[in-house]
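A.B. asks: The listed protein sequences correspond, in order, to chains A and B.
Taking my numbering, I'd label the letters of the first sequence as residues -7 to 495.
Taking my numbering, I'd label the letters of the second sequence as residues 7 to 109.
Heads up, some of the hints might be wrong.
[As the list claims (entries may be wrong)] With a cut-off of at most 30 Å between alpha-carbon atoms, the simulated DSSO-like pairs for lysine-lysine come out as follows:
1. A:101 x A:30
2. B:34 x A:101
3. A:9 x A:487
4. A:438 x A:286
5. A:364 x B:34
6. A:438 x A:487
7. B:94 x A:152
8. A:286 x A:447
9. A:152 x A:286
10. A:487 x A:441
11. A:32 x B:94
12. B:94 x A:30
13. A:152 x A:9
14. B:34 x B:94
15. A:286 x A:364
16. A:101 x A:32
17. A:417 x A:364
18. B:59 x A:152
The hints are simulated quantities; they were obtained by calculation from the structure and are not laboratory data.
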Amino acid sequence: MNTNNLNYLVNSLYLIKPELVISAIIVLLVLVDLIMLKNKKLLPYISIAGLLIAGYFIIEHFETNSFAFSTSSSAGMLIVDPFGNFFKLLIVFASILVVLFSVTSVEIKNSLDRHGEYYALIFGMILGMMFMASASDLIVIYISLELVSLSSYVLAGFTKQSLRNSEASLKYVIYGGISSGIMLFGISIIYGITGSTNLYEINSLIQAPQVQSLTFLLAGILIFVGIGYKISAAPFHFWTPDVYEGAPIPITAYLSIASKAAGFALLIRFIKVTFIQSIDPEGFWHLLSIIDWKSFIIIISILTMTLGNFAALWQSNMKRLLAYSSIAHAGYLLLGLAVMSNEGITAILIYFVVYAFMNLGAFFVVMLIANKIGSEELDDYKGLSSSTPFLAVSLSIFLISLTGLPPTAGFIGKLYIFIALIDAKMIVVAVIALLNTVVSLYYYVKVLKHMFLDKSEKEIPAISTSYASAVLLIAILAPVLVFGIYFTPLVDLAKSSITLLGF
Amino acid sequence: MTQIGLNHFLFVSTVLFCLGIFGIITRKNAVMVLMGIELILNSANINFIAFAKYGNFGYQGQIMALFVIILAAAEAAIALAIVLNIYKTFSTVNVDEIDTMKD
Chain A
-7 MNTNNLNYLV NSLYLIKPEL VISAIIVLLV LVDLIMLKNK KLLPYISIAG
43 LLIAGYFIIE HFETNSFAFS TSSSAGMLIV DPFGNFFKLL IVFASILVVL
93 FSVTSVEIKN SLDRHGEYYA LIFGMILGMM FMASASDLIV IYISLELVSL
143 SSYVLAGFTK QSLRNSEASL KYVIYGGISS GIMLFGISII YGITGSTNLY
193 EINSLIQAPQ VQSLTFLLAG ILIFVGIGYK ISAAPFHFWT PDVYEGAPIP
243 ITAYLSIASK AAGFALLIRF IKVTFIQSID PEGFWHLLSI IDWKSFIIII
293 SILTMTLGNF AALWQSNMKR LLAYSSIAHA GYLLLGLAVM SNEGITAILI
343 YFVVYAFMNL GAFFVVMLIA NKIGSEELDD YKGLSSSTPF LAVSLSIFLI
393 SLTGLPPTAG FIGKLYIFIA LIDAKMIVVA VIALLNTVVS LYYYVKVLKH
443 MFLDKSEKEI PAISTSYASA VLLIAILAPV LVFGIYFTPL VDLAKSSITL
493 LGF
Chain B
7 MTQIGLNHFL FVSTVLFCLG IFGIITRKNA VMVLMGIELI LNSANINFIA
57 FAKYGNFGYQ GQIMALFVII LAAAEAAIAL AIVLNIYKTF STVNVDEIDT
107 MKD
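Hey, can you work out the whole structure from these sequences and the hints?
C.D. replies: Printed below as a string of structure tokens:
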């Protein structure tokens, strides 16, 4: 170890400042929780402050393009580039909202004595997701994936009171354990073929024609199992409805946005960096012919969205309905990747920002209603428009946006995905996606019908929302409407964030 | 006597992987399912170490195996805690019977 190497290590630490802040906050949260046993009010403030500092560091180094933790013999373990920073920013943003949700959630409030671990575990997830968004080595990919999973297993069953809570965490841990084990087996095969775990080195090694493509195909699909489980793509989605229904609502919302975003960041980076051959001037990628990722992703995405949309038609529980809708959205997002072009990635980034607002908003309204009536059944939503018009109207706007109708932001997200598909001359796929959107309209409108047209047999009390939660709801609602009309800044941000290091 | 080579290790690891999958599919007891998961993780570990030794790839494989052992321990701890919690609420650890949420 000479001084040169040491300097390099120190420089790498500067590159992962946001992650260091998050790690420091984990320690701080645990310590504060231990010192102030009685007073748990401070914990959310510390969390928000830590997230804001991390967000500041991400924005400060947004344009960086560099490896971190490389040695003389290998390329880096982590990459800091605009693409990863975009996802980190999205994760930090979603985390701030989820911390605010947790403060208002009755479910979480009921287990006040364990708030310290709750926030510490959330920060464990954030740390894992940030590393997922910037991992360039299979070891880091596996460890960060496990870090996210292990924290979220516990969070899914955090309140421990209801049956469905424990059931959710059991199903999550079993499905998660199996898929990460299968992924690890795939990683071990890739290591055996190439002798390296670094994505960039693997890429340069498999350019040679004599690579055993059948074994590689198997390994690639095994790794996709692990990532597909994180983004709840069919046929690895079985955990999603049960876990989303059973987990506390803030955690459900968090799983549907942040861990899905991190999974997509990882999937895009894995496929692009490992299998790229060249990019033509129009931004289309030419991948190595070892694995036909394009057809594979198209099949998976059509399967995912069709299954999600059709299963959602019969749901009577709001959380379960949103779970299936989030599976369907994973399908739309995968289409952006199936295009295999820079334009498709731009579309994914735009969609994710929009999706974060509308899905978090929808879950927030569901949570505010569940706080008062203690249920998420659709039948209990009857007559909501007369008792609480504010919540009914906001939920309607979020659901219309999830359908993808103008003038909401959801329309812009879908529009860019479809433009990317048509530019790549994938008309048939675009038509299937469009038909799926029509199907999704049915179950979203079903909720509106329950709220606005159906009369409840029993008297429903008016659901009063506190001043703070009303402000928060409007803060989430405003972008959903504004981005539907004025979306230039969003598109510019997405276009500037598609740079992956080296490409 | 034949020399033990890479193929022998790969054979053992593949058998272990298949046994793990088999156990997960057939067993109903949650603890047995978790044991199946451990088998899968360890089959990957054998792969890593065998490839590192016979492929002359350096120490990366061994390091990876160490990480996996640590993560497997952490995962087992968390999973068993969850199973314990399940036993307290459902008084059973049979995966098939733990199905309160409808499809």
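A.B. asks: Looking back at the hints listed earlier, which ones does the structure fail to meet?
C.D. replies: The structure breaks hints 2, 4, 5, 6, 8, 9, 10, 13, 15, 17 and 18; every other hint is satisfied.
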